[in-house]
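For the sequence shown, position 61 (counting from the first letter as 1) is numbered 81 according to the working numbering, and the numbering increases by one without interruption.
Just so you know, the hints here were simulated from the structure itself, not pulled from any lab data.
One or more hints might be untrue.
[Unchecked claim] Computed Cβ-Cβ distance ranges for the label pairs, DEER-style: (1) A44 - E92: 30 to 36 Å; (2) P153 - L68: 30 to 36 Å; (3) S75 - T54: 21 to 27 Å; (4) G126 - K152: 18 to 24 Å; (5) K122 - E92: 24 to 30 Å; (6) I94 - G126: 43 to 49 Å; (7) T54 - K152: 19 to 25 Å; (8) T60 - Y36: 29 to 35 Å; (9) D22 - I136: 30 to 36 Å; (10) C150 - A42: 40 to 46 Å.
Beta carbons: idealized from backbone N, C-alpha and C, even for Gly.
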Amino acid sequence: MDPLLAFEVLIYLNVYFYPTFAVANVAMWAAKFTSSVFPTPNIERDGLIMGTMVSSELFKLLLFRKLRPKREGIAVAIAVIFTTISILCLLYVFINQEPVLKLEYGMDSIMMVLLITEMFYGAFVFIPCCNKPVVD
């Protein structure tokens, strides 16, 4: 098993899912903000959490692509830190946010599975027994 390769595949999968996720989250937040049907008492806080999550994912993807060719260990560590921030934001959505739309649950669940998998493979990159032996 090559955890670095699996981690990179997950990052590139995230590159393709991220635009859909970001646009949908911003659009759902804007719809809730302007809606009189859904009572959203903490819409400002929900917007800050959503903005943190979207910007965290964007920074993770950009920094990983920039740092990966030069320093792969640092790139993975930074990506794992930003992934942790995004997971915490998603936990807020699942636990504290009210109301949560069905589309929001669906997209956030897909993103949560992707991020948790990234966390596991990101951790495996730093565990010596999980890495492939280097042949010179």
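So, going through the hints one by one against the coordinates:
1. Restraint check, A44 to E92: a C-beta distance of roughly 31 Å satisfies the suggested window 30 to 36 Å.
2. Judged by the Cβ atoms, the range 30 to 36 Å given for P153 and L68 is violated: they are separated by roughly 46 Å.
3. At roughly 22 Å, the beta carbons of S75 and T54 sit within the given window of 21 to 27 Å.
4. Taken as a hint, the range 18 to 24 Å is violated for the pair G126 and K152, whose Cβ atoms sit roughly 36 Å apart.
5. Take K122 and E92: their Cβ atoms lie about 39 Å apart, and the range 24 to 30 Å is violated.
6. Taking the beta carbon of each, I94 and G126 are about 34 Å apart, not inside 43 to 49 Å as hinted.
7. Here the CB-CB span from T54 to K152 is close to 52 Å, at odds with the stated 19 to 25 Å.
8. For the hinted restraint 29 to 35 Å between T60 and Y36, the CB-CB distance of approximately 30 Å keeps it satisfied.
9. For the pair D22 and I136, the beta carbons lie near 19 Å from each other, so the given range of 30 to 36 Å is not met.
10. Between C150 and A42 the C-beta distance comes to about 31 Å, which lies outside the given range of 40 to 46 Å.
Hint check: violations occur at hints 2, 4, 5, 6, 7, 9, 10; the rest are consistent with the structure.
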